[in-house]
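Colleague: For reference, the chains in residue letters:
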Amino acid sequence: MSGLGAALLNSLDIGLLLFVIAVGLNIVFGVLNVINFAHGALYMLGAYLAFTLMNLLGLSFIVALIVAPLAVAVIAVLIDRLVLRFIYERDVADSLLLTFALLLIINESVRMIWGSGIHTVQPPELLRGSVGIFGDTLYPVYSLFVIVVGLVLVAALWFIFNRTRAGKIMRAAALDRDMAEALCINTKLVVTGVFAFGAWLAALGGVVAAPMRAVDPGMGDKIIIESFIVVVIGGLGSFPGALAGAMVLGLIHGLGGRYLPEINLLLPFVGMALVLLFKPNGLMGKGANA
Amino acid sequence: MTKFKPGKLFTSLAAATLLSAGAIQVHADEHPIKLGAIYILSGSAATYGQFAQRGIDLAISEINEDGGVLGRDLELVIEDSQGKAAVAIQAARKLAYEDQVDVLMGLDSSGVAQGLVPTIPELQKPLIITHAATPDVTGKLCNAFTFRISTNVAQNMNAAAEIAAESDANRWTTIGPDYAFGHQSWEFFGNALKDIKPDVELMDDTAFPRFGAEDFTPFINGVMDSEAEGVLISLWGGDLVNFVRQATNLGFFEKDLELMFTVGAATEVLTALEDRMPEGVWLATRYWYDAYDNEINQKFVKAYIDAYGNPPSYNAEGAYAAVYAYKKAMETTGNTDGPALAKTLKGMSFDAPNGNVTFRTGDHQAMVSPNWGLSGPMHPEHNIRTLEDLRVFDAEKVSRTVAETGCTL
Amino acid sequence: MKSAILLGALALTIILLIALPWVVPYFYIFIGTEILIMGLFAASFNLVFGYTGMLSFGHAAFFGIGTYATAMLLLHLQWPLLACLLVSMGVGAVLALVIGFLSVRLNEVYFAMLTLAFGMMVFSIAHMWRSVTNGSDGIAGFTLGAFGLGIDLTLGNPAVYYHVVLAIVIVASLVLYLICRSSFGLTLQAIRQNAERVSFCGLNIRSYRLAAFTISGAFAGLAGGMMAPFLRVASPEMMHWATSAEPVLMSILGGTGYFLGPFVGSALFVLLETWITSVTQAWMLFLGIVLALMVMFFRRGILGTFLDWWLDKK
Chain A
5 MSGLGAALLN
15 SLDIGLLLFV
25 IAVGLNIVFG
35 VLNVINFAHG
45 ALYMLGAYLA
55 FTLMNLLGLS
65 FIVALIVAPL
75 AVAVIAVLID
85 RLVLRFIYER
95 DVADSLLLTF
105 ALLLIINESV
115 RMIWGSGIHT
125 VQPPELLRGS
135 VGIFGDTLYP
145 VYSLFVIVVG
155 LVLVAALWFI
165 FNRTRAGKIM
175 RAAALDRDMA
185 EALCINTKLV
195 VTGVFAFGAW
205 LAALGGVVAA
215 PMRAVDPGMG
225 DKIIIESFIV
235 VVIGGLGSFP
245 GALAGAMVLG
255 LIHGLGGRYL
265 PEINLLLPFV
275 GMALVLLFKP
285 NGLMGKGANA
Chain B
12 MTKFKPGKLF
22 TSLAAATLLS
32 AGAIQVHADE
42 HPIKLGAIYI
52 LSGSAATYGQ
62 FAQRGIDLAI
72 SEINEDGGVL
82 GRDLELVIED
92 SQGKAAVAIQ
102 AARKLAYEDQ
112 VDVLMGLDSS
122 GVAQGLVPTI
132 PELQKPLIIT
142 HAATPDVTGK
152 LCNAFTFRIS
162 TNVAQNMNAA
172 AEIAAESDAN
182 RWTTIGPDYA
192 FGHQSWEFFG
202 NALKDIKPDV
212 ELMDDTAFPR
222 FGAEDFTPFI
232 NGVMDSEAEG
242 VLISLWGGDL
252 VNFVRQATNL
262 GFFEKDLELM
272 FTVGAATEVL
282 TALEDRMPEG
292 VWLATRYWYD
302 AYDNEINQKF
312 VKAYIDAYGN
322 PPSYNAEGAY
332 AAVYAYKKAM
342 ETTGNTDGPA
352 LAKTLKGMSF
362 DAPNGNVTFR
372 TGDHQAMVSP
382 NWGLSGPMHP
392 EHNIRTLEDL
402 RVFDAEKVSR
412 TVAETGCTL
Chain C
234 MKSAILLGAL
244 ALTIILLIAL
254 PWVVPYFYIF
264 IGTEILIMGL
274 FAASFNLVFG
284 YTGMLSFGHA
294 AFFGIGTYAT
304 AMLLLHLQWP
314 LLACLLVSMG
324 VGAVLALVIG
334 FLSVRLNEVY
344 FAMLTLAFGM
354 MVFSIAHMWR
364 SVTNGSDGIA
374 GFTLGAFGLG
384 IDLTLGNPAV
394 YYHVVLAIVI
404 VASLVLYLIC
414 RSSFGLTLQA
424 IRQNAERVSF
434 CGLNIRSYRL
444 AAFTISGAFA
454 GLAGGMMAPF
464 LRVASPEMMH
474 WATSAEPVLM
484 SILGGTGYFL
494 GPFVGSALFV
504 LLETWITSVT
514 QAWMLFLGIV
524 LALMVMFFRR
534 GILGTFLDWW
544 LDKK
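Chains as they are written, first to last, in the working numbering: chain A, 5 to 294; chain B, 12 to 420; chain C, 234 to 547.
Hints are computed from structural coordinates only; laboratory data are not their basis.
Quick caveat: nothing in here was measured; it's all calculated off a predicted structure.
Where hints are given, some of them may not hold.
Stated by the list, open to error - Looking from chain B toward chain C, a few residues come up when the C-beta cut is under 7 Å (computed): (1) Ala96; (2) Tyr108; (3) Gly126; (4) Pro129.
As the list claims (entries may be wrong) - To spell it out: a stretch of chain C is covered by chain B in this simulated footprint if at least three of its residues, at any positions, have a beta carbon under 8 Å from a beta carbon of chain B; those stretches are: (5) 366 to 375; (6) 456 to 470.
We put the CB at the ideal spot given by N, CA and C, even for glycine.
This is chain A alone, in the form it adopts within the complex:
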């Protein structure tokens, strides 16, 4: 029983972390109709900046949590203004290709700046070690922290989307861009803002993930596939969908990793294929038919 409990908790922290990362992807798609292939690379940048701030500059985790996502958001603004705006009006395929090119560029730049080796980031003093839960199973404190952060973000995002003007504007632009423009909403600003916000979320995920995972140039690639699966299972453009998809994937990893480790790599894809067979739009997605 204790094994199951730990596995479930594991699912929760994996799932919530995935949600933080994938929701940015979802939001960007909703408003821009573009899947940002470089989303995982932005997550990785967040982790590397956290590593630099904490390990190389000796700053605290809190500083990293605040500064790194902001820095990545700024980079995202630059990407949007200097590169992406050329092809927003074009075929979706071109945007996909361009974000893919960005992925290659960011990946390699990270490798050139920080080297190919793996780095480790220690959690802050307060969050180290483990606590006993469900009897004598030890569970890392930091993972509990991740769960808390995830839940806070879920609540915060829900509030933003449903209760604030900015949220309403984003949803409006997602539903009908031309109409939003006609209503004098500055969609260029919204577009850049949303892209930056998505990047901010991805980088935040990266900072939070850094003490738990290896910080290496391959981490962006791993997470982008996971994010795609989350988005496909949950449904593109849907906020509750992203949460549902992330939870499902979290369960698959947590339980699958514990009880079916041999085929653990495969389960997310199988899950995705099953969802597609019966619900091609994802569990909660909006129209996706060709």
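Since chain A is already given, all that's left is putting chains B and C on it; use the hints.
Modeller: Chains B and C alone, transformed into the frame defined by chain A:
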């Protein structure tokens, strides 16, 4: 190192003219002798390749300062295998045909070795393997051009089994990377242990996480929940670093388990972990810098620490020794012809930091011993764990016979 | 007049390709073989992308399964190469049919993500199924036996193998070209330009897309099959999305609007990779920058931009 130094040639030519015919050969050919190397230079095991390059660079600069080989300087051309056989095969072709290297060395991955070794005879250049440990390359895949200077899995596991048999752990499992190295380590360990202690139980419930996996938590939990008394851990590189950190968080090292890390004493890993590598666990390495008290080793360790700041890893030592092996082979043969060098290397003995090493005639495997030790207190200067109860084995005893390897040369 | 010049240029290129082993340094025979195989792979991808307008990021799955099929047949059954290649085409087609069925129902964005994810799924299977695929170590140690059809060739000789590949690629490209020029191919292009209209004409665009995807899978499998003896190993990386990216890049580089674009792109890509990687490790960075620039400013590709301009001249 990687540059041709014309000034060097000038002085040697001048010296040769003065000393006239006799001891020193003068070559009209000024081209350096090229060593081609293929190691992992990127990804989670990048430090292994980098440390190997350090060993090579050190050897080359020492040899070049001393007049080079056959009057020519040595030069390194190194390629990144990325841990992939296909990449390594194409790199080997490039080194052989485009860069026209004289000899080859390398390989940080058993999987890469299994793919590359069968294609080596076509290139007609000798290959000295300094790291990859799959027994196959000096076993069923052996060929006239492939040699290995480092311990292989069979040797290491025979030694491991001896140590395992001393403990009272009777139920063993493993956590190893899911490729040739992980699986073969477990296979050979199990067979060797059963030979010594027939009533030992080798559990069916084993863990083989993907090489490069980030999350070992489920595997760690799985072992802790099981009834294992001893665990053979063949993870290496970044995996081992991650594993130790995650295992510490989960209290893995507080349980009363007999733990044996088959390549745990790699300085690449020990420097990354520092004091997070726990005390009192068995760690092994192909070469431990503190285990050998001969002149060559003392000189090597000192020169390495002077140049790079930390003690040499086994990959660095293997690569360093391989360069010297090639030097001896070339001087014995008198030229750098591939097939001729391969013939000379067969059965050749030479002095390396870990003693006098011989490439066994029957399978081209160097008769060298792995080093096992219990992790002890932190070294005052080097900031890595020391090894206590250091074991150096008789190479002949821990090696398989040629017949057992399945190599027919 | 212009088409005559183009045909002449093509004929000249083929003659040069045939003469290659006697003209270039030994190492370039390997480069040439790789360019031809990857060119076919890219051309098969372009059937789906340039002609039908679907951006697939998982094409390496079909390529890779072709590599494994040939490798496994050579290792275990020592079949003649032609037979292995036919099987590779078959498995490539079947896999494309399965993945395509699940994917072509959905729009471009979903399609891109799905093909990427399914490609990685195939990669994961190859990685994990140790008992069949030998896991991450891949399948190695197979030798090349006969070619088939009673033709006696020493396939182990790189120059001989190069010519074999050249012959197969020319034949396959011809077939692919005929498909593209047929009414089927024209329908595909119509679907790319305006799918809705085509469906209003009463055609089932889903079937057409699936058919294109399947055919593409077959030719990608063929290319993959030829890769196995060339590389001497079949490994999971051949199914990874990084490999899937290569035909995408090659097609964009060369030009997605012309049949030979992907081949030109393949030559450029492989040559650039060979030269740049010997100078710097940052090949992927360079690739990303080139791709970005091409997409932003030279969307028609090198061959595409040139032909657009030249064919337009009076």
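Colleague: Of the hints stated earlier, which fail here?
Modeller: Violated hints: none at all, because every hint is consistent with the structure.
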